[in-house]
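> Spelled out, the chains give:
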Amino acid sequence: MTAGMYVHVPFCLTRCGYCDFNAYAGLGHLAGRYVDALRHEAELWAPSWTGERFVSIFVGGGTPTTLDASALSGLLDAIRSRFEVAPDAEVTVEANPDTVDEAKHTALLASGVTRLSMGAQSFDPTVLVSLERVHSPESVRRAYSAARAAGFSNVNLDLIYGANGETLESWRRTLEETISLGPEHISAYALTIEPTAPLGRKVAAGLAPPPDPDLQADMFELACELLGAAGYAHYEVSNWARAGFECLHNLGYWQRRPYLGLGAGAHSFRGERRWWNVRPPDRYLAEVEAGRLPVGGEERLTPDQERFEQVFLRLRTFRGVPTTRDAAELVEAGLLVRSNGHLVPTERGMLVLNELVLALTA
Amino acid sequence: MAHVTDQGRIRNFCIVAHIDHGKSTLADRMLELTHAVPDREMRDQYLDSMDLERERGITIKAQAVRLAHESHGTRYVLNLIDTPGHVDFTYEVSRSLAACEGAILLVDAAQGIEAQTLANFHLARDAGLVIVPTVNKIDLPQADPDEAARELAELIGSDVDNVLRVSAKSGEGVPGLLDAVIARVPPPDGSRDMPLRALIFDSMFDPYRGVVAYVRVEEGSLPSRAKVRLMAVGLDVEAEEAGVLAPHPTPVAELAAGEVGYLMTGVKDVRQAQVGDTITLAGKKRAHEPLPGYREPKPMVWSGMFPAEGGDYGDLRDALDKLKLSDAALHYEPETSRALGFGFRCGFLGLLHMDIVKERLEREFDLELIATAPNVEFHVIRGGAVTVVHNPSEMPVPGTYDRIEEPVVLATIITPKEYLGPVMDLCQSRRGELVDMRYLSPERAEIHYLLPLAEIIFDYFDQLKSRSRGYASLDYEHWGYVEAALVRVDVLLHGEPVDAFSSVVHREKAYQYGRQMVERLRELIPRQLFDVAIQAAIGSRIVARETVKAKRKDVLAKCYGGDVTRKRKLLEQQRKGKARMRRVGKVDVPQEAFIQALRVDRRAESKR
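Top line first, the protein sequences correspond to chains A and B. Mapped onto my numbering, the consecutive letters of the first sequence carry residue numbers 1 to 362. Mapped onto my numbering, the consecutive letters of the second sequence carry residue numbers 1 to 608.
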């Protein structure tokens, strides 16, 4: 079986208001212990994951590039020595523009990283401020050029649309600038208000406006239009790529391939079981350093849940779900199309995917 | 067991008053003064014993208490008969009054005469009662007992010196009031040798003892254990026990003419021992004519009641079946709504009665209900035939009938003269017809209006209060049916009529009503995958339209490995939310939308 591996690095230089990930600013002093713990955790899992061939590794966060290139390199070596990792595996590292330079890019490439995913978010400085991002558009351009100069041939730029104050015109400029840089892959996410993030609390308290869903819909449609015209294939709700550059690792999630997550709060999935590590880094360290698997919880999926996941995950992509029921009304409404015995959401359908999922699983 | 009391030493009386003029407090003082209740048992508003009544601060069930009082060396039996205090229960009030020879007409010294003071006075006078005018709250700083006494004296056509003055709160003047009741109210005079005729002036259902009837024996004698006949229903039953309320139930050997007490009838349904019915003995010694004045309870206001969860229909039916055992005035029949499914069309004496029933269903039977907007009963006249319609969705289309008639009430409003203008404007805007007006004093006016009942069951009372800064008071009585230009306004969702939203309104207000409904619904109906047209229509003519624009975005932006579990749960929640919605044609409508759109201002018709 092929599998993916996710490695979580929970450190950030600063926290952004919209983010509810398991990430922390000011814990940089734990980095050394944490990387050791990741290696140790890899050893603990290795015996039970023999027979799985890892075709992707995704180092995410947080901001993995807060770690030294040598630490990341050592970590990847340790993983390769404990698990069967395909020689041509896709190895992605997420980067923050302010934490990378050409030297670091070169070192990452040397350690086997094949894909760089950079959090650009916007090229409009006011939007970046609104998102509480500390980098500037200029540093994105600089980091991007550095990655190209170092030799990265597979770069993703992450974008967020619908922040307070962002207009359709501003979003258009962000998209155009992104396209002009020419990354192989673009992720464009509608800003989502997470109740537990600082922004979520602000919105709940009426201190910040929630995103306007109609404006976000317009922005989605604009992204579809501009990215499509620039030759990017829209292969998942929020992801576009040049042919052959779809993110293999993320496709694994939507196709329900097994994955092993290492690090604080990382989730893993195999068979009908999904489990997750303890979230706080200190607890994670304590568990692993005591030689225990740091599992904090698990669920076993019922057949119903499994079927439901099949639909709601697969329907996110342009591969869609096998046609198992009559969906004539949704097809007629232009929300789904039939393709090779599959039901595939149209771009308009993607915008109301939750409704489609519920309709197809009713 | 108590002995039969000599008629000359019995006084049967009630206290009638406007709301908050101190009736319950005065009753409390009388209980204390006559040592009817041990001190340790005494509590405020002692006689309002049902939970529901106490919470609402009103009395819906009349009760009678027997008080022993010595006056000028003679011991008297005073039967204090409590009367319901709401226009919904006017008929019950009239039966309670029929059980008395006198009434204390109580007026707040700070407020003076109010609308219900008048209404009660007229009812008591029509019942032939001796009125004992009494001013209460004389110790309030803002009291003007002289003015209140003057108004009272003028109202009943008596000398101002005859008006008693008390403080029910402190007890001041209450002994004198009891003496006045004894002196002024005549004793009962029915012959004890005639065949038994006893008036049921109230009844209640006890789950263990069955129906308890509160009776006033007019003639003859009611033995404790006897086979009696309930004349209206023609039912013979073995009565289990007669007694008096002192105030706890105390059995007696018999209740003789002039006495007041209770009878445990043994029947299990209040419909078999209804208020206003006459009890006589079964067999040869029976009376042949019932006492006058019996009337079947007649619903005035109708509403559809539907379980919020469709599956609770059986539970709702069982609950209504149980409730009717203790509520003779409740009507219900099965109703099927395309929008709300299976439920019941229920008839009530008025809005308060409707609220009480709904609250009891929800609280005592743990049901969640959707009630459609209340409506009155219409008469549709075609040729010589009258069809009674109490469901708007059954109202025939124009052109198929000669005319429609609606119930009209005669409203009495008392207001300080500075609010006369706004109050009259309100009545005009509610299709009111001024009958007459007079000044009670240079500052206060009494006006009478004929008003369609349909116009006052919504927010009329609220409006009256707000336009008069709370000073105007209202009472009304049913007057009759009058022709009116009424039309049915339907509400359509995505082209489908929603029967639960249909309403019968006056032609001139149809547009306004339709506008209001579509605007309300636009706020309440969530966006769907398509544009939802919300229309109000009279017949095939659309009078108002709003659109809920199609939902454009409903998608989880991100779903990676660590998100799957949480996002799955979010979607499951969303599915549950959808499942709780009602489907009308293609449109999903939340339960809440029905409840909110059909909401009537609950203060619309207030207690009095």
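Don't read these hints as lab results, they were simulated from the structure. There may be inaccurate statements among the hints.
Restricting the straight-line Cα-Cα distance to at most 25 Å, the calculated cross-link-like pairs of lysine-lysine (BS3-like) are [said to hold, decoys possible]:
| id | chain 1 | residue 1 | chain 2 | residue 2 |
| --- | --- | --- | --- | --- |
| 1 | B | 298 | B | 285 |
| 2 | B | 558 | A | 202 |
| 3 | B | 569 | A | 202 |
| 4 | B | 285 | B | 322 |
| 5 | B | 322 | A | 202 |
Not everything, but these chain B residues come out facing chain A in the computed CB check (under 7 Å) [stated by the list, open to error]:
| id | residue |
| --- | --- |
| 6 | 450 |
| 7 | 452 |
| 8 | 555 |
| 9 | 569 |
Quick reminder that beta carbons are idealized off the backbone N, C-alpha and C, glycines included.
> Evaluate each hint against the coordinates.
Right, here's what the structure says about each hint:
| no. | hint | in the structure |
| --- | --- | --- |
| 1 | B:298 - B:285 | 32 Å, violated |
| 2 | B:558 - A:202 | 21 Å, holds |
| 3 | B:569 - A:202 | 24 Å, holds |
| 4 | B:285 - B:322 | 35 Å, violated |
| 5 | B:322 - A:202 | 51 Å, violated |
| 6 | 450 | 49 Å, violated |
| 7 | 452 | 44 Å, violated |
| 8 | 555 | 4 Å, holds |
| 9 | 569 | 10 Å, violated |
Checked against the numbered hints above, the structure breaks hints 1, 4, 5, 6, 7, 9 and satisfies the rest.
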